[in-house]
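Protein chains: 6
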Amino acid sequence: MAQRSPSEWQFFKITVPAQHVVHVEINRPQKLNAFFGPMWVELKNIFERLSVDSEVRCILLSGAGDRAFTAGLDVADASKPDNAISSSGFADPSRKATVLRRHILELQEVISTVARCEKPVIALMHGYTYGLGIDLSSACDVRFCTADTKFCVKEVDIGLAADVGTLSRLPKVVGGVTSWVKEVCLSARPFSAQEAQQNNFVSRVVAGSKADLIGEGLEFAKYLASKSPVAVQGTKNILDAAWGRTVEDNLNYTAVWNQAMLQSTDVQRAMLSGLHKKTPTFEKL
Amino acid sequence: MAQRSPSEWQFFKITVPAQHVVHVEINRPQKLNAFFGPMWVELKNIFERLSVDSEVRCILLSGAGDRAFTAGLDVADASKPDNAISSSGFADPSRKATVLRRHILELQEVISTVARCEKPVIALMHGYTYGLGIDLSSACDVRFCTADTKFCVKEVDIGLAADVGTLSRLPKVVGGVTSWVKEVCLSARPFSAQEAQQNNFVSRVVAGSKADLIGEGLEFAKYLASKSPVAVQGTKNILDAAWGRTVEDNLNYTAVWNQAMLQSTDVQRAMLSGLHKKTPTFEKL
Amino acid sequence: MAQRSPSEWQFFKITVPAQHVVHVEINRPQKLNAFFGPMWVELKNIFERLSVDSEVRCILLSGAGDRAFTAGLDVADASKPDNAISSSGFADPSRKATVLRRHILELQEVISTVARCEKPVIALMHGYTYGLGIDLSSACDVRFCTADTKFCVKEVDIGLAADVGTLSRLPKVVGGVTSWVKEVCLSARPFSAQEAQQNNFVSRVVAGSKADLIGEGLEFAKYLASKSPVAVQGTKNILDAAWGRTVEDNLNYTAVWNQAMLQSTDVQRAMLSGLHKKTPTFEKL
Amino acid sequence: MAQRSPSEWQFFKITVPAQHVVHVEINRPQKLNAFFGPMWVELKNIFERLSVDSEVRCILLSGAGDRAFTAGLDVADASKPDNAISSSGFADPSRKATVLRRHILELQEVISTVARCEKPVIALMHGYTYGLGIDLSSACDVRFCTADTKFCVKEVDIGLAADVGTLSRLPKVVGGVTSWVKEVCLSARPFSAQEAQQNNFVSRVVAGSKADLIGEGLEFAKYLASKSPVAVQGTKNILDAAWGRTVEDNLNYTAVWNQAMLQSTDVQRAMLSGLHKKTPTFEKL
Amino acid sequence: MAQRSPSEWQFFKITVPAQHVVHVEINRPQKLNAFFGPMWVELKNIFERLSVDSEVRCILLSGAGDRAFTAGLDVADASKPDNAISSSGFADPSRKATVLRRHILELQEVISTVARCEKPVIALMHGYTYGLGIDLSSACDVRFCTADTKFCVKEVDIGLAADVGTLSRLPKVVGGVTSWVKEVCLSARPFSAQEAQQNNFVSRVVAGSKADLIGEGLEFAKYLASKSPVAVQGTKNILDAAWGRTVEDNLNYTAVWNQAMLQSTDVQRAMLSGLHKKTPTFEKL
Amino acid sequence: MAQRSPSEWQFFKITVPAQHVVHVEINRPQKLNAFFGPMWVELKNIFERLSVDSEVRCILLSGAGDRAFTAGLDVADASKPDNAISSSGFADPSRKATVLRRHILELQEVISTVARCEKPVIALMHGYTYGLGIDLSSACDVRFCTADTKFCVKEVDIGLAADVGTLSRLPKVVGGVTSWVKEVCLSARPFSAQEAQQNNFVSRVVAGSKADLIGEGLEFAKYLASKSPVAVQGTKNILDAAWGRTVEDNLNYTAVWNQAMLQSTDVQRAMLSGLHKKTPTFEKL
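Protein chains in written order, with our numbering: chain A, -14 to 270; chain B, -14 to 270; chain C, -14 to 270; chain D, -14 to 270; chain E, -14 to 270; chain F, -14 to 270.
Using 25 Å as the maximum straight-line C-alpha spacing, the simulated SDA-like pairs for lysine to any residue come out as follows: (1) D/Lys65 with F/Pro265; (2) C/Lys269 with C/Thr98; (3) A/Lys263 with B/Ala63; (4) E/Lys263 with F/Phe176; (5) B/Lys135 with A/Leu257; (6) A/Lys(-2) with A/Ala63; (7) A/Lys135 with C/His261; (8) A/Lys29 with F/Leu90; (9) D/Lys65 with F/Arg254; (10) F/Lys262 with D/Arg174; (11) D/Lys207 with D/Arg34; (12) F/Lys262 with D/Ala61; (13) A/Lys65 with D/Asp77.
Please keep in mind that the hints were generated in silico from the structure rather than gathered at the bench. Note that the structure is predicted; figures quoted are calculated from it, not measured.
Start from the sequences, fold in the hints, and give me the full structure.
This is the structure in structure tokens:
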């Protein structure tokens, strides 16, 4: 898989800290892991491969360096004259609109590749987690952070409504369009780790350093990796399908999903292991 | 109603602790109230009747014995060779899939009978509340528990994605596909009463014994039963219809619902009682 | 705008406490700001105008007097013989149903005018916030309250299911049809400011008096008003569109929205201000 | 009702050709009944009133003069410098977008007022039925035309995608996004009455003159007006609610609708009339 | 299966005219096959069994006698004093509404049992096909009729909006809420076989007698029964799931369905038969 | 664009028969244009490029040779042992299911690339148009065919439910899940050009040879290409968004789309050309 050719990726560092667990680090620490053009392409390729890599059962996503998960878009880069957002070379707003729409859809597709990854993805956040950092972690399944993480839905501060995922996924992952969601999205005011936990954005605030965070994330990842991959990945798929659809539709979808998946040898293995108090092993998926 | 012929049910105990209030107990305590074949049939029949019983205004659901609301599926029973899930008598996976799908849909229908019950249902949980215990209580309207309740979305541990309701209803009843929902559903790690409350799964953790829980549940049930049944049951119906649909659709649905229900004599009785500080009485529903 | 002719409104008081910020007060304090016929008409007109007033960037909504945001419907008025809900002049329930449905849809439309207002609306609640007070504040974007606010989804106590917005919007603004939502909606039991915050209904409980609440609300409003109105109002629109729809549909909607809005001069102004640490100014919207 | 003060409307002529039947004529024949500003306002007011006028059971909509139902937007008027669409007074495309969006939503709301009219509306078309003529007749319930009607989804020819209803309602009223729908919408090529009938847009092509068309429309309107208004208006409401929603949701909506409406005296009257071969009469609705 | 105990059903006749083909006849010809209480119960039981009977691959549904598929509800019976619809024993419209709603939902469930039947159902219609005849045949998959069939969406003539399926399913099975759909549903005017075909309600009008119709239906049923049941029943399930949902959702559903079903031995058998020009045989389903 | 390097594609031939018009030919005539592995990759790449090629305004899609548009999947190739569908190397049905699901989703994505192409695509069909030929042409916007075209939803004959698009898009493009749709999809019986037209699948059956078909298709393509590309492509986008969504949602989407697109210079150019009877020219898009 990806980790076998570390030199392949320029802005991400990929390691395998435990069996079936892959750690993806956003690796541009000198720029607070801010994103610019080539990083989007790499991110998409990495998650497309991990999604179908049968050796992988859980993915950790964090930011390299001490200061940031990611500070978001590299605004200095985005404000260069040749950037799609800032360019003014189109006389006609309808044609400029078309170029912009295609560009937004492309960036959304990168984040959606993370969201659609068949394997569970755990975001481990520390330091600046601004703008794109929220879009990206909202596309993950589980979110932990250190106590000193600084969050911000920053987009309003650069004059735009967040458009690569935050506004669509934040109501899903914190549960509704709450007063708090509106407060932080409309105002771009920063919020703390504690506030993130009280409002259901993260499920754990890990005491201690970034290393402690990575450690706790790794423990959880190893725990997930020890479970039936058929069960874990099915659970992810069905939970994500629930959003914006009725309970009735989701129940039927679940039945159709499980008509295949219950035929797994994992069921027998897991059931027998449970009855016999042994640790089961599962085939690759 | 059901309670008049107590001998009718083998695995459930049904009593009437107060006017208009029915208490349904899962009654297989020697097996931690674990479910197997005949219990599904009884549960469906009981709730189909209670739903339209005009004497009933509120239902309490709890588990008999000291140790469990329910430990979930009776895995020992489910792993017998003749069980739909574990049987291997079909050469062809498509035909086995069909049998499995029908079986899942049938079990889902049992839990959905609880969810569709016209009367409000209050789950009172203590001890082990594992697997099916989450599916079942997620189909109730209100959830209280004792401080020592042990919850677990256990299905991943038997090699499958929960398929009789948890994955479809948990996002509805706790508000979204939060990091915590993914954490407990993907990993099958147990969680405490306190965690359940912090994440909105239960609205009260009752201090003290199971008897205290039943007592507090009964007080709340009696309070609900004193209100207009037209108002209470309409509120339940409309709130459940909101999920997975737009605000606009739900507003229109509400108007169509109330074009009949506002013609109730309950409105006059309740309004006048409020103005005159008297306790209203309402006709059967 | 509205504020220029204060005498125009009989039951609302409209002021401009800061640039781009409008304060709307429900102004019938002698009746605990309870609503009756003419107030609905005024409320709709006010928010229709504010929605498109290019001088306005943020709206505060509060109740005049010391005792209530609003006690809800004026039940004494609603129980007069000529009121749509209580009138009994129709022999035929189908024809009475039609009159009732039209009446409900009209009242819903008033509250929906607040919800659709293009500018963000901050509800500042104190004292009695009963019945309609929940419908109304659920249609706002952000909710703050004083510590002594008394909330109640009161409708069940007058014999009906809430039908002008609470049951449709509460699951949206607190995140799901939680045990707590069912508890307070089915029972009409009052709840405190603290409970409202723990269950995500308000995002801040302001210590101190009503004046402190108004002060903190005003500070937040001024902060919002200093941001790009294109960004703020787009964020509101997109977040509200997320509810009851899929992530995929909302992402596409966002791209189509921003294909026009990213052409704003606000983007350049905000980006450059950020890079140069200056305060940007924005054109009217 | 409207028809009692004929002078009230400048661009529409309203008559009552039979009991319970109202005939609305678009009345600007010298301009081929093309629409400009004041006509939108009148159209909305007329249908808002007819919708709730208890004397009215069926509405006919046609165009005055020999030449057109309506030629659509008055392009000469729309291309004046002060028109929202053609004005160029906004430096900033995001602000111009906001003005345009509000303008489109306002015009859509006019057409939607026709679509939401509680009474059935029958479009009787002859001559030019271009652009807005398709938006408007697609919002009606039944469409008849003369053999010489000339239809055209004209908007592409003025450089825009139809935006006041055609693209949203044509797939609903002809059944799908067929090859033919795409052909006529993408190309703006005119189509004949025969083609309109073959593709389900009109259900009758009336042989003869415009007078014959009005005559046949009136016969059908009188027939509808002789039926139970509770049944007819309920049927319209439920059929329109079906679109874009599932069969399951629509079935439940129907049950909720009819829980009030089956209490109508119309049911007894109609049933008995049927059994006794008499003509029933029904109360106003 | 059902057919083995012919005496079991009083109002339906069940035969097996060819291998894997079951013929269900509505058998109350002296009353034009009109429905009353006990028939609903039988119909539901019959289709629940046929749905999962592994010997059955295709079902024909027709009406006994020369005069009718079914004349619909037995109005004389429905107008008896003890009938839910006509009873007037409830003082309170809200309580009567509840009884009516439950009754409608029960009847809808009977028709939905036909619609959800896993096996394809072919309606063969002749003579009177009124009211319930449309509800019932709209729930079938394929519709053929004789040239002399007389159709009518009759409900408006008994003072109500059709509520057991027609208004929800007719737009699905004829493609949209067309002018013709509104014409026949709003007016209850009868329509001919030819009109039914032109408007896509039936796909064949069989020349000749009722016997010719049954013959042609049987030929088609035998043809269907010769195909892979996994393929045929999957096609039915997926097509029905398409309605009211997006193409994107249906595509994903299809992939999840086929992840199990493509593992069928039917695929190999059918492919090889096709290549070798032989007739395949398939296992029971 | 693509057409500049003809050698780039092995199984497709791309030409530019007129300004802004591209002709894509499926080019494997010796195998009746049947699809196998490499063709899917090429098809996706071609339409991804054409979608955003600003020189292109309309695309024709046809099959090379005299005998077929496409005979569908190359079954001989698909039944080779290493093919995903037929391979039997997985002991565990859940793991085989995962591989199959990924494979189906990949193939669906190819066809969806055609459906999402921003430019209108016209399918010109002749000869065998079987299986995949229906999936593919259903993803196009307009469908013409010669009189001798032989259509077949062939999948049931190879033991599976069609899963790359037909079952999801056919109800959209012919208008509903009609009796005819079920008839041809459940049975895999072939149908003629005439039947295809009567059931709204094609909008024109062109008399004469395949050359006449291409000629008529080209004339229509040139006509489309002469129109405002902003208007044409917007119309396509909005019509496709209508399916499976409500009229209300689609109206709002249209307003948001046009808030950018009405700012096009195309509007002024087209309006003035219309008033002055001149042919407009439009900038690239």
